[in-house]
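Since chain A is already given, all that's left is putting chain C on it; use the hints.
Number of protein chains: 2
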Amino acid sequence: MPLQYNEYYNEQTGLTIGLKKLLFSEQSDYQLVEVYETDTWGNLMTIDGMVMLSERDEFVYHEMLAHTAMFTHPKPERVLIIGGGDGGTAREVLKHASVTHVDMVEIDKTVVDASKLHFPGVGDFDNPNLNVSYEDGIAFVKNVKIPYDVIIIDGSDPVGPAEGLFEKDFYQFCINALSDDGVLTAQTESPWVESYYPSMKKVFYALDDLFPISKMYLSFIPLYPAGMWSMACASKTVDPLSDEVIERINSSEKKFSSLKYYNAEIHTGSFALPNFVKDIIKR
Amino acid sequence: MPLQYNEYYNEQTGLTIGLKKLLFSEQSDYQLVEVYETDTWGNLMTIDGMVMLSERDEFVYHEMLAHTAMFTHPKPERVLIIGGGDGGTAREVLKHASVTHVDMVEIDKTVVDASKLHFPGVGDFDNPNLNVSYEDGIAFVKNVKIPYDVIIIDGSDPVGPAEGLFEKDFYQFCINALSDDGVLTAQTESPWVESYYPSMKKVFYALDDLFPISKMYLSFIPLYPAGMWSMACASKTVDPLSDEVIERINSSEKKFSSLKYYNAEIHTGSFALPNFVKDIIKR
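These protein sequence lines are chains A and C, in that order.
61 is the number that this note's numbering gives to position 61 of the first sequence; each next residue is one higher, with no gaps.
1242 is the number that this note's numbering gives to position 242 of the second sequence; each next residue is one higher, with no gaps.
Here chain A stands alone, though its shape is the one from the complex (with noise of 0.2 angstroms):
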């Protein structure tokens, strides 16, 4: 019998993925963090038995958040990425030129640990621009001083320490940690588990309600509950998907040509929704 992993996120339903040998596991104060080396998606990151990333899929989760939100403001000089501890979505916020303060708020100093031991080429640790600090994410956007020109929800499930950031109250005070043209994006979950986790609607109904723009959009991420994956995008003045953020993604196309998933077609495919996605988020 071959040493697998195994998440269901459906009853007896899920992905199963073949493993060589444990890496990493700590019980830190709010959650399981485990690594693994896997047969062909490098090494996998799981915190409480939930895929969190592989090195051979992070690519497409990290560059649909950050980017995203990043193309979608003129100019996005501070950036505060709430989570994130694998370091990944702070790593595609720095390749953008205007960037000179990203604050990383992570609860799980476990989670930055595991990643700096086991995915060497995911975080950008040491970039200058970067400062981490590890407190309840919800705390620290409360009292945030000097707003922010994107902020980024890059939670884990809406199960354990990141169940708050599924809620309208944390994103009434993101709107205020914003400033006059501030974006935000956040991981939302798939469309195929919301009837057991209701977390696209919910985010979605208060970011609709609080931001003058604000619109889902899907990437295909292949170790997520059945490969598709959703996400809000809300801004205060400019849409995701006005003519001047698509033409802000094609002049940055030489300096962006290393990205695996994120281009100008798929920046405005992701936000087409299929019919019954539309119907979990009418109002």
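Think of the hints as simulated: they come from the structure by calculation, not from any bench.
Cβ coordinates follow ideal geometry from the N, Cα and C atoms, glycine included.
Distance condition first, Cα-Cα at most 27 angstroms in a straight line; then the derived DSSO-like pairs of lysine-lysine:
| id | chain 1 | residue 1 | chain 2 | residue 2 |
| --- | --- | --- | --- | --- |
| 1 | C | 1236 | C | 1145 |
| 2 | A | 254 | C | 1278 |
| 3 | A | 282 | C | 1095 |
| 4 | C | 1282 | A | 260 |
| 5 | A | 142 | A | 202 |
| 6 | A | 282 | C | 1260 |
A few chain C residues facing chain A, derived, Cβ under 10 angstroms:
| id | residue |
| --- | --- |
| 7 | 1057 |
| 8 | 1268 |
| 9 | 1278 |
Chain C only, in chain A's frame:
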């Protein structure tokens, strides 16, 4: 230990689906056709151990394969489906009012029998415009006398009887069997398994050599490897991304409001390819 179905698409990585019981199992002249009752996906058909469809997610594949071709053609009357034994693609094709004749050529009658018995909501086999025959699709296409407006290649994976549906010779027969404004769509496997089964590249190169217009598109199919599935669209005159196609979809919105996946934005958005997918088909 619960009863489970496993499909490994990548060493020990793949899908695990919770089962209730085996409903159908027949070794035909071509392949092993099985139907299981699952815990949350309704009935599930597998061929030689590979998932073909479940009642819960089949709408994605069938809507995307059928309507992308059907709306690209200005007025599809005669349609040929190669494979498609479960009947789902024909069901979607037959929703178009212009259709007068559909030939469905399935090599394996066992697939149709299993579908009629265990997927009563999938096929529309009693439709008077549908003509089902059980023969080799490649030989059939080679001998077409009256051309078709649309040809849809709805075969199984490129191991076993469907192998020839990924070859250039076959697409040469297809182009000859299409009318002057003919359109073709084909399922071309997942970009994430391309390194194991180079299907996308092979089919795209063949179509790109033969047709004036050929493009790849993607859809989210939870029970197919990695959840990311590619399809090809080739056309003699009309670009699937032209304004006339989008207008056709939008003007039919009411008639097609019961679709669960496909709509005008999805039609366009599905042709947006991530950079790593563009790289696969780059010439």
